[in-house]
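Student: Here the protein sequences come in this chain order: A and B. With our numbering applied, the first sequence corresponds to residues 1 to 448, in that order. With our numbering applied, the second sequence corresponds to residues 1 to 112, in that order.
Any given hint could be a false lead.
[Unchecked claim] To give an idea of the interface, some chain B residues facing chain A are shown, with a C-beta separation under 10 Å as derived from the structure: (1) Met-1; (2) Lys-2; (3) Glu-44; (4) Tyr-46; (5) Thr-52; (6) Val-56; (7) Trp-92; (8) Pro-109; (9) Asp-110; (10) Ala-111.
[As the list claims (entries may be wrong)] Among chain A residues calculated to face chain B with C-beta under 7 Å, some are: (11) Ala-11; (12) Ser-15; (13) Val-313.
[Stated by the list, open to error] Some chain B residues flagged as far from chain A (calculated, every beta-carbon gap over 10 Å): (14) Lys-17; (15) Gln-21; (16) Thr-22; (17) Gly-35; (18) Arg-38; (19) Val-45; (20) Gly-48; (21) Ala-49; (22) Glu-50; (23) Val-53; (24) Asp-67; (25) Lys-79; (26) Gly-87; (27) Asp-97.
If you're looking for bench data, these hints aren't it; they were derived computationally from the structure. We put the CB at the ideal spot given by N, CA and C, even for glycine.
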Amino acid sequence: MAPAITLAAEAPTLSAANTGFMLICSALVMLMTPALAFFYGGMVRVKSTLNMLMMSFISLGIVTVLWVLYGFSMAFGTDSGSLIGWNSDWVGLSNIGLTELWDGYTIPVFVFLVFQMMFAILTPALISGALADRVKFTAWALFVALWVTVVYFPVAHWVWGAGGWAFELGVIDFAGGTAVHINAGAAALGVILVIGKRVGFKRDPMRPHSLPLVMLGAGLLWFGWFGFNAGSWLGNDDGVGALMFVNTQVATGAAVLGWLAYEKIRHGAFTTLGAASGAVSGLVAITPAGGAVSPLGAIAIGLIAGVVCAMAVGLKYKFGYDDSLDVVGVHMVGGILGSLLIGFFATGKGQSDVAGLFYGGGLDQLWKQCAGVFGVLAYSLVVSAVLAFLLDRTIGMRVSEDVEVAGIDQAEHAETAYDFSGAGGGAARTGTLPATPVAGAQSKKVDA
Amino acid sequence: MKLITAVVKPHRLDEIKEALQTFGVHGLTVTEASGYGRQRGHTEVYRGAEYTVDLVPKIRIEVLVEDDDAEQLIEVVVKAARTGKIGDGKVWSIPVDTAVRVRTGERGPDAL
Chain A
1 MAPAITLAAE APTLSAANTG FMLICSALVM LMTPALAFFY GGMVRVKSTL
51 NMLMMSFISL GIVTVLWVLY GFSMAFGTDS GSLIGWNSDW VGLSNIGLTE
101 LWDGYTIPVF VFLVFQMMFA ILTPALISGA LADRVKFTAW ALFVALWVTV
151 VYFPVAHWVW GAGGWAFELG VIDFAGGTAV HINAGAAALG VILVIGKRVG
201 FKRDPMRPHS LPLVMLGAGL LWFGWFGFNA GSWLGNDDGV GALMFVNTQV
251 ATGAAVLGWL AYEKIRHGAF TTLGAASGAV SGLVAITPAG GAVSPLGAIA
301 IGLIAGVVCA MAVGLKYKFG YDDSLDVVGV HMVGGILGSL LIGFFATGKG
351 QSDVAGLFYG GGLDQLWKQC AGVFGVLAYS LVVSAVLAFL LDRTIGMRVS
401 EDVEVAGIDQ AEHAETAYDF SGAGGGAART GTLPATPVAG AQSKKVDA
Chain B
1 MKLITAVVKP HRLDEIKEAL QTFGVHGLTV TEASGYGRQR GHTEVYRGAE
51 YTVDLVPKIR IEVLVEDDDA EQLIEVVVKA ARTGKIGDGK VWSIPVDTAV
101 RVRTGERGPD AL
């Protein structure tokens with residue numbers, strides 16, 4: 001985020017342009033959660049499509065409410081011990097003036113808090129991709145509520161909150177490479193190490209059921225990401241937001257090329273899933289870095305992210321952990337790459353005057369980046385694993401093996417994603433009567 | 001009567017339908033099927049994970065004919081279905097005891 005404007009003479013005044021821009025950016029970031037749902041939903045098998053969509057979608061409900069109740073206060077309130085914030089005026093958003101400006105900026109507090117709310121919603125949704133096909137919906141909903149409370153809100157404070165340790169140390173995280181992507185990727189790794197693999201992992205084919213859905217999701221993510229990245233400067237008075245916008249596009253394009261080139265050489269084909277995954281890896285990698293590097297630097301970061309993430313998604317087969325949709329391979333690895341590459345590619349002419357190794361700077365920024373990366377990674381991994389362990393021991397994290405094999409959609413959501421058969425439906429005159437209705441539900445017979 | 005069944009490549013369906021119409025067949029049933037014979041499946045790659053797809057998509061065509069037409073009709077189908085490459089499929093016939101037209105209740109060859 002932008003350093004507070006420090007012109008001592010004049011306090012910032014409300015900018016209608018920045019306010020309007022930031023409200024649109026907030027809506028763009030909101031779109032990323034359903035986009036992610038499609039991206040993930042297309043990658044699972046038919047029988048668990050709805051569950052995958054719902055794991056993301058439920059975050060729009062749970063985290064929205066928690067953010068209003070206490071999340072914003074915890075993440076951005078007055079610092080205690082460099083670890084956590086609190087501001088009782090912000091609990092329930094009950095005592096915030098409509099024209100009260102976010103400290104040092106030109107936008108109202110209400111605009112800042114709704115923009116940040118969308119980040120808090122997206123981050124737990126990212127984790128869900130690693131847990132495909134096998135987690136009880138109630139357990140997941142509880143996990144989301146607990147995880148944002150003990151992991152996301154504190155980590156957002158560390159990285160972006162005034163007084164947070166990473167923020168004060170000078171770790172650069174423009175839009176969430178550490179707070180969002182490394183955080184979610186490490187959490188995913190922690191949880192899957194506790195709950196284990198899907199039935200049939202490495203034995204049964206688990207092909208994506210709809211690549212067009214994946215492509216749609218990736219495209220919408222790319223679109224929403226402009227709000228996520230460019231909006232993170234909270235205004236555009238000095239052009240850094242526009243630099244971020246450009247670099248978002250540039251790195252993502254380069255990452256598509258990087259992933260596809262690796263894939264063509266290694267596996268012999270340019271795949272659709274590779275193009276979509278490459279785009280996301282580039283978006284992740286440029287997220288922390290885009291305000292500090294040049295467009296050529298963004299091309300380098302994108303290419304590196306595309307190739308390295310394409311290699312990283314194979315690791316799960318080697319090590320035998322079931323990161324179902326490669327949250328670790330894409331988000332954690334991509335986030336680490338972007339965060340560390342700042343230490344090499346920062347030009348010193350973007351968001352700060354600190355230059356990276358390739359631009360005449362020393363190792364100073366690189367060490368700071370390492371501290372941010374590994375601090376967040378270790379905390380998120382351990383606490384997420386403990387949360388998953390506690391939930392597993394109490395209410396149980398996983399559905400039964402029978403349910404998993406038959407398909408989690410029917411058991412957990414009482415629906416199926418697609419009606420493939422046009423047969424039936426005309427039996428009103430001579431068919432059997434509907435079964436006795438269950439309490440509260442109208443029962444109709446469907447032969448499928 | 002005979003029931004002629006053909007399991008063929010999907011993209012030959014229109015040719016076969018046309019040939020059967022020219023021959024004078026009034027009705028047929030088509031089902032999407034999958035299977036394999038000498039033509040084996042193919043490999044697909046998703047994020048580097050290779051999957052062998054054993055079952056190849058095919059079309060299954062069924063036609064009821066009078067005994068005298070059976071041999072000739074098989075020839076017509078085979079000719080229209082053939083590409084000369086592996087995986088062209090199979091055609092076979094089996095005897096049928098009876099057939100009923102549901103609307104009128106007509107039986108035997110009248111029902112065709």
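Student: Hint validation: Thr-52 of chain B versus chain A, beta carbon distance must be below 10 Å. Holds or violated?
Tutor: Constraint on Thr-52 of chain B satisfied, holds at 8 Å.
Student: Are all C-beta atoms of chain A more than 10 Å from that of Gly-87 of chain B?
Tutor: For Gly-87 of chain B, whose nearest Cβ neighbour in chain A is about 21 Å away, the distance exceeds 10 Å, so it holds.
Student: Taking the closest Cβ pair, is Met-1 of chain B under 10 Å from chain A?
Tutor: violated (26 Å)
Student: Against chain B, run the beta carbon of Ala-11 of chain A and see if the smallest gap drops under 7 Å.
Tutor: violated (51 Å)
Student: For the hint on Tyr-46 of chain B, just tell me whether its beta-carbon gets within less than 10 Å of chain A.
Tutor: The hint holds - Tyr-46 of chain B has a Cβ within 10 Å of chain A, the shortest such distance being about 5 Å.
Student: Beyond 10 Å from every chain A Cβ: check whether that's true for Val-45 of chain B.
Tutor: violated (5 Å)
Student: Can we keep the Ser-15 of chain A interface hint, with Cβ of chain B closer than 7 Å?
Tutor: violated (44 Å)
Student: Next item in the hint list is Asp-110 of chain B. Is there a CB on chain A closer than 10 Å to its CB?
Tutor: violated (26 Å)
Student: Would you check whether the claim that Gly-35 of chain B is not at the interface survives, using Cβ distances to chain A and the 10 Å cut-off?
Tutor: With a cut-off of 10 Å, Gly-35 of chain B remains clear of chain A, as the shortest Cβ separation is near 17 Å.
Student: Was the hint right that Ala-111 of chain B lines chain A, CB cutoff 10 Å?
Tutor: Violated: closest Cβ of chain A sits about 23 Å from Ala-111 of chain B, beyond 10 Å.
Student: With chain A as the partner, please determine if Lys-2 of chain B meets the hint condition of a C-beta pair closer than 10 Å.
Tutor: Since the shortest Cβ distance to chain A is 27 Å, the answer is violated.
Student: May I ask you to check that Val-53 of chain B keeps its beta-carbon over 10 Å from the closest beta-carbon of chain A?
Tutor: Its Cβ does come within 10 Å of chain A, the nearest being 8 Å, so this is violated.
Of the numbered hints listed earlier, those contradicted by the structure are 1, 2, 6, 7, 8, 9, 10, 11, 12, 19, 20, 21, 22, 23.
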